[in-house]
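Chemist: This is what each chain is made of:
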Amino acid sequence: MEVIRTEKLEKIYGDNGVPVKAVDGVDLTIKKGEFLVIAGPSGSGKTTLLNMIGALDQPTSGKVYLEGEDLSRKSRSQLANLRLRKLGFVFQAYNLIPVLNALENIEFTMMLIGISEKEREDRAMKVMEELGINELAYKRPNEMSGGQQQRVAVARAIVNNPSIVLADEPTANLDSKTGESLLDLMEQMNKEKDITFVFSSHDPQVINRAKRLLKLQDGRIKIDG
Amino acid sequence: MLIKLSWRNIWRNKRRSQIVVISIIVGVVAIILMDTLSMGMIRQMLENQIGSHVGHIQIHRNGFNDNKIIQNYLPDADEVEEVLKSTPEVIAFSERVLTLGLLSSATNSSGVFLVGIHPEEERNITTINGSIVKGNYLSGHKREIVIGEKLAEKLGVELGDKVVAMASALDGTIGSDVFRVVGLYQTLSSEFDKTYIYIPIQNSQKMLDLAGHISEYVFLVENTKEVQDVKLSIKNHLGEKYEVLSYRDLLPTLVMYMDLYKQTIWIFYLIIAIAMVFGIVNTMLMSVFERIQEFGVLMAMGMKNGKLFTMILMEAFFLGVFGTIVGVLIGLIIYFPLTQSGIDFSTFSEGLTAMGSGAIIFPILTFQGFLSALVIVPFVSVIGAIYPAIRTVRLQPVSAIRYV
Chain H
1 MEVIRTEKLE
11 KIYGDNGVPV
21 KAVDGVDLTI
31 KKGEFLVIAG
41 PSGSGKTTLL
51 NMIGALDQPT
61 SGKVYLEGED
71 LSRKSRSQLA
81 NLRLRKLGFV
91 FQAYNLIPVL
101 NALENIEFTM
111 MLIGISEKER
121 EDRAMKVMEE
131 LGINELAYKR
141 PNEMSGGQQQ
151 RVAVARAIVN
161 NPSIVLADEP
171 TANLDSKTGE
181 SLLDLMEQMN
191 KEKDITFVFS
201 SHDPQVINRA
211 KRLLKLQDGR
221 IKIDG
Chain V
1 MLIKLSWRNI
11 WRNKRRSQIV
21 VISIIVGVVA
31 IILMDTLSMG
41 MIRQMLENQI
51 GSHVGHIQIH
61 RNGFNDNKII
71 QNYLPDADEV
81 EEVLKSTPEV
91 IAFSERVLTL
101 GLLSSATNSS
111 GVFLVGIHPE
121 EERNITTING
131 SIVKGNYLSG
141 HKREIVIGEK
151 LAEKLGVELG
161 DKVVAMASAL
171 DGTIGSDVFR
181 VVGLYQTLSS
191 EFDKTYIYIP
201 IQNSQKMLDL
211 AGHISEYVFL
221 VENTKEVQDV
231 KLSIKNHLGE
241 KYEVLSYRDL
251 LPTLVMYMDL
261 YKQTIWIFYL
271 IIAIAMVFGI
281 VNTMLMSVFE
291 RIQEFGVLMA
301 MGMKNGKLFT
311 MILMEAFFLG
321 VFGTIVGVLI
331 GLIIYFPLTQ
341 SGIDFSTFSE
351 GLTAMGSGAI
361 IFPILTFQGF
371 LSALVIVPFV
381 SVIGAIYPAI
391 RTVRLQPVSA
401 IRYV
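Just so you know, the sequences run in chain order H and V. For the first sequence, this note's numbering assigns the number 1 to the initial residue and increments by one for each residue that follows. For the second sequence, this note's numbering assigns the number 1 to the initial residue and increments by one for each residue that follows.
Extracted from the complex, chain V is given alone in its bound form (with noise of 0.2 Å):
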């Protein structure tokens, strides 16, 4: 009955309440809209790092991943291939030469990634092939280079165009070799675009004076779940001599923002709380100050003190409740179709593009979101009333029964 008359209660003051329980649902739908965009931006500028380059895990020589000179190579290809080839839950994986050079037209140069790789294999694990913009893909042939558009304008080179490619070699001696421009990418990361070449491995090898030697393999697992499983699994294989690092290790900025947010949004959520916590509260006072005379009476028929307490922070929890279950049906009535179609921040396309997250963000809803939008809100209702719940209990029952 207590739970009835609660329920009662609440609704005994119509607008007021609905006016708390739109104000609740502004809240709920804030939480779950910010949350699923932060978690989509993030989530899509892993995954595209992922797939555009780094893949779930490489394996190198130890010591490459912080000094990527070229004398790093890997000390046994084929034992790594061996392992890799025996562990089931690989599903692709490609070899590639990786070292720093310069790349040079006829009017610019720039410090560049060079990454000599086999075009078929690599289909397999980037999306480079799917990125190409204008002209094609490495077709195999000799002395092809990819090139990133935002680079092809900065050394002024068209498709056909021939570059110069520089790196340190083997044996120190600077190694160098003319390619022609197939094709130009352009990934959601800008930054990317302007680094990172891609040449056919026999070239890069030749150039390099590498002898067959490679610089890393880069595969993927078929859960992402099992990242780590599976790089301790083929560490404990190789030995010391290798580094075999994740897409954490090797993206730690990324990874640090994204442990970052999800530590700063209890932040966003305390802000929506303290606004929520002001809001119930004053609606509780009210609701509170107008049955001073009720309390009284509930009082002298022998009401105690933790029932008129839990009364009132039920009523406090019901609209909480209430207006979460009505926030979290309209959240969720948006947030379905953005999942298809995403939200285009053209607007902001500039500074999306350099995170690397492209300009049409695709929400993500993850359990914890889900969760603490249905906590959170009923949660801090019941905080909120606790202040009038206090004031109510405090009364006196003789002077509440005479209160006008």
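Next comes chain H alone, as it looks inside the complex (with noise of 0.2 Å):
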């Protein structure tokens, strides 16, 4: 089942007056279950094709589809949304809610969707039961280590079960270990749960990872496979 069809993508930015093609005419469909890594140098567009896709920046031409639906006909609050109903995201520097706790944190996206409080609180405890952090549940980012907090906002992610889960370099801010630890993790949820991984990143250990690998240069897929 397609999850994610771009046609034509292309994003310029127009920097002091020089455009500079960020992503060109990328034509890219993504299937439910893949684990799916987007790789380049910096400055290839990686970034920028995985917020076109989550629905964070608009293309300067092109189409984005989610589940068949023309992101590029939704207003700002229809795409809000999207994002809040299909769209997961993980980001290098986790991005918790520095004033909640992680159960808090996880339960958020559930609150904002409005599901009730017991709800909330009994599918966000047995998502910390599955990824086994659960005895984090009270803590604050602040009392949490990075690899800790990256396990929450994975948590925090999958909670609402979304269609596409985005993670720009997840493991940007993690030792080797603790970065191993949280790839095993989102493996074994694309695995058991069949939930859809795309990623951005350069970082080898995540590379290896990959089912399907897309390599980006200037903005253009160089290699899919």
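Some hints could be false.
In silico lysine-lysine, BS3-like type, Cα no more than 27 Å apart, as pairs [said to hold, decoys possible]:
{"no.": "1", "chain 1": "V", "residue 1": "K304", "chain 2": "H", "residue 2": "K118"}
{"no.": "2", "chain 1": "V", "residue 1": "K307", "chain 2": "H", "residue 2": "K74"}
{"no.": "3", "chain 1": "H", "residue 1": "K86", "chain 2": "V", "residue 2": "K307"}
{"no.": "4", "chain 1": "H", "residue 1": "K126", "chain 2": "H", "residue 2": "K8"}
{"no.": "5", "chain 1": "H", "residue 1": "K139", "chain 2": "V", "residue 2": "K4"}
{"no.": "6", "chain 1": "H", "residue 1": "K118", "chain 2": "V", "residue 2": "K307"}
{"no.": "7", "chain 1": "V", "residue 1": "K85", "chain 2": "H", "residue 2": "K139"}
{"no.": "8", "chain 1": "H", "residue 1": "K126", "chain 2": "V", "residue 2": "K4"}
{"no.": "9", "chain 1": "H", "residue 1": "K118", "chain 2": "H", "residue 2": "K193"}
{"no.": "10", "chain 1": "H", "residue 1": "K63", "chain 2": "V", "residue 2": "K4"}
Derived by calculation from the structure, the hints in this document are not laboratory data.
Assembly of the complex is requested from the two constituent chains, each provided in isolation within its own frame, with the hints serving as guidance.
Modeler: Written out as structure tokens, the structure reads:
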């Protein structure tokens, strides 16, 4: 089943009046259950591509379809709604809400959807158990290590059963052992729950785990396989 | 959870929030003290005027208040007395003769309001007997006079001295009589003290050839809130021959001042509010700029503009409410002891005495004042957060996440 499809996707930045093509005519289809890594050197356009797939950035031209829905036709509010219900994000710097504990961070998106407090807590605790982080439930981000925070971020990303989880350099701030452990976890979620993961990374640790590797260069796909 | 998040967010930078809260507390305390003292001063001015002479309601022949000549005596005092006796709200009344006249000593003279009273009945209406600072109140003997201490100074008379009162009599001739000063009074209004003199009503009637007529009835009602209703009821009973005037009609300048205060206090509130708005805008902008990346993440996760906007307004609202609660508590802690002791403004006593409020002001907290202190700051805080909130929801998620 097709989760994401892009057609001639293009993003041009007007950097000091000089147009720079960050993404140049990318045609891409991502199917459910994929474990895809977008790799490439700095400036190759991998984060820009990820942002457009994640409805965070608008393409200059071309289309992005999320489960068949054309994102270019959506309003800001509709895009927010799509991100809330169909997308999960894992960021390089974890980006947990510092004043909420792990449980509350995981519950947060469910709160935005309007799920009842009881159900929120049950679902969040279940995901934490699955990821083996239930002992972190009442810890705030500043009381957790980077690896623990990133695990909580993964829990937050998957708790709403999104169509796809987008992870931008998720291991960049972690040591190799913690990074491996995090990738194990995401791989496990991919296998057990059939969650689609798309990574943007130049970390060999991540690239080696890819079931499908997409190499970008100058905004174009060089290798897809 | 949004409430929890907003509340926790305001304590992320404790020192900054504490500074804002302290500024709010100072503002709220200032509002409470300013309002209660002003209300106390105005109320004292009004009550002093009511207590020293005016009473709650006066009844005259129609036109007397504009032209206080002796010919404008009450057409039928018995009729008026009957109405007053049959009005249950009236708790005390007294008859008076009132006219403009001249009081002379051996060395000086001064224009006065000559007031003929029944000393015992007048005790129940006004506080003149309690305002005697030298000598005694009228005992009921003939040709006694009580004058203000300020007037005595002006005339150069002391207790026991003789003074001559003159005024136009009923037939147009000049009526005069000699009185002995038995008491000097001092009220909280120096202007009043220089102007009003009190003599037995029988002497005034004889001197002015009034043949038992009187100029006015003055009376008090049980509850000041009933004044207007009682006034209208008595007016209906007595008809067009009489004018029935409440203290609001008789003290128009003071009432106008009171009404004006109620209007102008909003200017004071506005000034405090503007100062607070800038403080809140500044704080919230700093708070927002510190969290741009976080807002980007919240947007990425699907938080809509409405919720983000609400969250920022709530943060400011909580700051305002917290500061207000503490400010109101501190304000009340300061206020309650002052209601007993008052604040001594002796330094400004000359001005305050001229205004008739007295040197010691007892603050009065009104419901409106209390409500204003409670509502204004949280409201202003929300207003102050609107601009930072607008700035936030205009952020693009992708650039906000990258913001350093």
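Chemist: So, for every hint listed, does it hold in this structure?
Modeler: A quick look at each hint next to the structure:
1. Proximity of K304(V) to K118(H) is assessed by CA-CA distance (about 23 Å); at most 27 Å being required, the pair is judged to hold.
2. Distance restraint check for K307(V) and K74(H): the Cα-Cα separation of roughly 19 Å lies within the 27 Å cut-off, and the hinted pair is therefore satisfied.
3. Using a Cα cut-off of 27 Å, the hinted pair K86(H) and K307(V) holds, with the two alpha carbons roughly 19 Å apart.
4. As the CA atoms of K126(H) and K8(H) are separated by approximately 40 Å, the hinted pair breaks the 27 Å bound.
5. A hinted pair counts as satisfied when its Cα atoms are at most 27 Å apart, and K139(H) with K4(V) qualifies at roughly 16 Å.
6. This hinted pair checks out: K118(H) and K307(V) have alpha carbons roughly 21 Å apart, not beyond 27 Å.
7. As the CA atoms of K85(V) and K139(H) are separated by approximately 79 Å, the hinted pair breaks the 27 Å bound.
8. Among the hinted pairs, K126(H) with K4(V) is consistent with the structure: their alpha-carbon atoms are about 23 Å apart, no more than 27 Å.
9. For the hint linking K118(H) to K193(H), the alpha-carbon distance of about 23 Å falls within 27 Å, and the restraint holds.
10. The straight-line distance between the Cα atoms of K63(H) and K4(V) is roughly 39 Å, outside the 27 Å bound, and the hint therefore fails.
Of the numbered hints stated above, those contradicted by the structure are hints 4, 7 and 10, listed in ascending order.
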